[in-house]
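J.: Protein chains in written order, with the numbering used here: chain A, 1 to 306; chain B, 307 to 612; chain C, 613 to 918; chain D, 919 to 1224.
A few of these clues could be false.
Stretches of chain A that chain D covers, calculated by requiring three or more beta carbons in the stretch to come under 8 Å of a beta carbon on chain D [unchecked claim]: (1) 58 to 64; (2) 105 to 111; (3) 200 to 213; (4) 230 to 236; (5) 249 to 259.
The list that follows gives simulated cross-link-like pairs (lysine-lysine, DSSO-like), each with its CA atoms no further than 30 Å apart [said to hold, decoys possible]: (6) D:Lys1094 / D:Lys1029; (7) C:Lys618 / D:Lys1056; (8) B:Lys420 / C:Lys648; (9) D:Lys1017 / C:Lys614; (10) C:Lys723 / A:Lys114; (11) D:Lys966 / D:Lys1198; (12) A:Lys46 / A:Lys36; (13) A:Lys114 / B:Lys308; (14) A:Lys111 / D:Lys1056; (15) B:Lys417 / A:Lys280; (16) B:Lys354 / B:Lys528; (17) B:Lys552 / C:Lys835; (18) D:Lys1077 / D:Lys964; (19) B:Lys422 / C:Lys658; (20) D:Lys1198 / C:Lys723; (21) A:Lys280 / A:Lys2; (22) A:Lys280 / C:Lys835.
No lab work stands behind these hints, which were simulated from the structure alone. Note that the Cβ used here is the ideal one computed from N, Cα and C, for glycine as well.
Protein chains: 4
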Amino acid sequence: MKTIVKHISINKGMTVNELVNQMSNSGVFGAGRISKAVDIFESMAKDKNCMVFLGQAGAMVPGGMKNILIDMLKNKYIDVFVTTGATLTHDMAESIGYKHFRGLSDIDDSKLNKKKIVRIYDSFMPNEVYIGMENFFKEHFDELSKAKTTKEFLWLVGKLLPNNQSSILKTAYQNKIPIFCPALSDSGIGLMIWGQSLRKKGLNLNIFDDLNEIINLSWSSKKTGVIYIGGGVPKNYIQQAMQFSKSADYAIQISTDIPFFGGSSGADLREGISWGKLNKNAEYANVICDATIALPLIYAALKERI
Amino acid sequence: MKTIVKHISINKGMTVNELVNQMSNSGVFGAGRISKAVDIFESMAKDKNCMVFLGQAGAMVPGGMKNILIDMLKNKYIDVFVTTGATLTHDMAESIGYKHFRGLSDIDDSKLNKKKIVRIYDSFMPNEVYIGMENFFKEHFDELSKAKTTKEFLWLVGKLLPNNQSSILKTAYQNKIPIFCPALSDSGIGLMIWGQSLRKKGLNLNIFDDLNEIINLSWSSKKTGVIYIGGGVPKNYIQQAMQFSKSADYAIQISTDIPFFGGSSGADLREGISWGKLNKNAEYANVICDATIALPLIYAALKERI
Amino acid sequence: MKTIVKHISINKGMTVNELVNQMSNSGVFGAGRISKAVDIFESMAKDKNCMVFLGQAGAMVPGGMKNILIDMLKNKYIDVFVTTGATLTHDMAESIGYKHFRGLSDIDDSKLNKKKIVRIYDSFMPNEVYIGMENFFKEHFDELSKAKTTKEFLWLVGKLLPNNQSSILKTAYQNKIPIFCPALSDSGIGLMIWGQSLRKKGLNLNIFDDLNEIINLSWSSKKTGVIYIGGGVPKNYIQQAMQFSKSADYAIQISTDIPFFGGSSGADLREGISWGKLNKNAEYANVICDATIALPLIYAALKERI
Amino acid sequence: MKTIVKHISINKGMTVNELVNQMSNSGVFGAGRISKAVDIFESMAKDKNCMVFLGQAGAMVPGGMKNILIDMLKNKYIDVFVTTGATLTHDMAESIGYKHFRGLSDIDDSKLNKKKIVRIYDSFMPNEVYIGMENFFKEHFDELSKAKTTKEFLWLVGKLLPNNQSSILKTAYQNKIPIFCPALSDSGIGLMIWGQSLRKKGLNLNIFDDLNEIINLSWSSKKTGVIYIGGGVPKNYIQQAMQFSKSADYAIQISTDIPFFGGSSGADLREGISWGKLNKNAEYANVICDATIALPLIYAALKERI
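Bound-form chain A, shown alone (with noise of 0.2 Å):
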């Protein structure tokens, strides 16, 4: 009982680091949480030492966090990414002119299927999307069945993307990060590998290839970090590779999902220290949050103290 809960206080045109400060003061509950999360990133950014893994799951390319998800990969705060098909789907939809678009939840879905429009929660995006991306995996698709794994594969795709869009795949590509995805055939993506494979030779990742680095990236680390953006696959299987360092010096976790039904997604960072994922005396923050809000209050914090 050392530390007084100090109560947020407003100031006009605040900057949002100011803002997380004063969560900062408030330090209990979700707040606390939130200034907890932004102290540790910066911890993780600024560590020379620290290989950054971040896993993610979700919507976030429909939901409005592609640039964020960029920003992150081109300043180097990710050593190793870790997702989706289905954000990789998403982001490349993107990638060759498609966009995602404002919808409504409350709507008759047999409207939107007559009208060739999918619906991810209160985000829309159109049908012809798939035929943008076959016509792509149809011209590149001898160039791109040379990769042996995931990550080729995805680099490959990455350089093969136009330049005039924002994009993940190519952010990755450029900047030498590597970017797994576990579960591939578990998306869009993986549906045109499947088409294509059909009229052409078939292509063939090695999935324990994928493994085989992930893991050597983190047992060779000095230090590492992990950022968990939903749970999942992305999260699940940083967390296995974690057992190959020397454990996780830092974690943060922004997700919904809560530890009392048991499954990965939602379990406690300190969960982990059982296993040997997170270290003992390792920071780590649950934030308990819908990542659109909270993670551009965090990465925005972030940016303004470095």
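Model the placement of chains B, C and D on the given structure of chain A, informed by the hints.
T.: Okay, now just chains B, C and D, sitting in the frame of chain A:
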């Protein structure tokens, strides 16, 4: 499908409202709801014909939100305030000089009990606040017992509180903001009144006169707006008063509760249209987020705009 | 690491308690908490020295749980009942012959409003219940206005209600179960009292005399147990009464709210140990589940055991 | 407004299906969704033209649900099973004689780490399971490396596992239920394959051949039904396969995740109509509940009916 999801861009040193404007550009998921809430709050605050009712539940004082509530009252963004006995008890404790402290949730509660510290998730409060409160009520009970309604009682408390601390109760009194607490007996303040009533002549507050007053406020308003931070009695009490208004034109709800279980706290604002509590053309936003994150964000953006 | 997680086995035609016993064999996650809750409820119900306090919030009558609550009261598994004005209003509506109906949540609320149907998630109520209630109160207000506390008032209502419908209020009256509603003015019944008070001499219920009564019940008990269905005022009102008992020996909470946001409704029962509300050696179970699923399951198992 | 909410009546010794039928009488909130899920499951199981796809994520084996999954497979209520690597790892550990244990969540994880116990919320697993698994893979790797797809690989594992334990993998093999695990490298089994690959010639599983197989199963079905226990990759992988069916006619989802944050795991089944994954006339139920509570309840009622 007219409005593109524009991705949030983070600039170094951006202000909170610049961030919220970026959220407005993306416009979907939680970020979209935050930006919509700010727009609605701005419209309400600028609409001179609109009487704004704030309902607040949850541990906002131990959670560091007291000054935001006070600032709302001082700036008259709020015309009527409905809250819980717990909020008023926590506010009163701080008004007479006590503090809340940053604590831990993973802790042995029986040790806290021995140390006379009570826990509110990861916020701590020393048990001795009740001694200070008892002294206050002993000293002032004769004057306080003149009150005929909870609103009168709470204004009297506000009047009698010392001037040297920031205080919701004093601010409401000084600014003549009606303050309602429909379940005052369910709180530390309620226990204090009970304690004094045992030794002195009792205090009798007519809760139906309070009800009459809030109904009259609602009835006589040209337009009404509602803001709910948390659910519980404060939300429901305002909702039922709205049935006597021309139905609310603006509505914001910040809550972590959700509609699927049928309770009033988690009910979507839209449900109020069936009851005549919300106008069918009203602008409304259901922000599903920890209020200690969403409220400072929304309020800092609002202040910057006005 | 002594007790193995035994997998739940389902047998054709098994009884509910046989299922709960299987959940007891597994013993972890939500299933484990359900089985623990049944064990605790059984202990409470069989402990003749234990006074059991039930706090209930949420739309349990529109949700089809009325008869379970009535059965608990009839069987005296519950000694004291604390609830919301909404529950009592819904109960009263059914007690005078109205019904709730199965509806939809994805529906145009303005159409419902025109049809004079109000929505409680996917349960509907005809607005005309208020006419029936008004007639009841008009007819009986002289007798009702003799009540000095909400408990007396609610028993009087129970006494005066017709006998031909199942009714929480009547059952509580007939079985002399004290029934408290600390925020009665926040409800349809509250509005009825307000309406009658406008034309007749008012009704004045002393809420601090109610508080005195529940504190005396808690104070004078050899042992206490608490059951919370939902949070809100009913939970908190019992929790504060527990500070005047020897602290509760048994506790069950069924809620979809969670601790991380600091509010009383979602607070882990363990937190009560710091306050002296819960005994440090108490048996307690936090069931994080929709009460319309968990309560029938728990109660059917209990009935089978007793 | 045709169907009255009939209150659930509890009878001593009632069977689980009798309870679910009572929930069907009430028909609203979570109870209504549970009863609807049982109805849909029953329709699916009895519809000889319907191929049922089960997607399962979350720690269902450490959570005591293994035998329910096995029973579903044995009874052919399920025709295709998609799951996580974690579920298969936990199943395999038990298949070779290890156990999960009841633990605690409020515990010092660094002490568990020293004792070589890993924590899955309040379920514990001894770290030594990995030794047993490694021995199994060492012994059988030559045979296992003949597999060309994950489905073949998993059937081979099932074939080679001992007969003396109940096992999801063995049951799937024995009953020729196709079993897919799109992110197998993200698991203990994945790590075992990686470990063996380092010393021997590698194993290469063509994930796009798996994708081809599930698409063919979906494509060739007269009718399809889906059951999701948890979200993640298993749900999404089946959802994308449904785009190649005539769209699903039946759908059940048991999840604690909710739609508002935009992710696939919490998405309302209705959203699938816009994608052509779900038939616009399909019967579907979104059960928002801990699966360790909802699944045994639903499955016990189903078994009683069939």
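J.: Are any of the numbered hints broken by this structure? If so, which, sorted upward?
T.: 6, 14, 17, 19, 22
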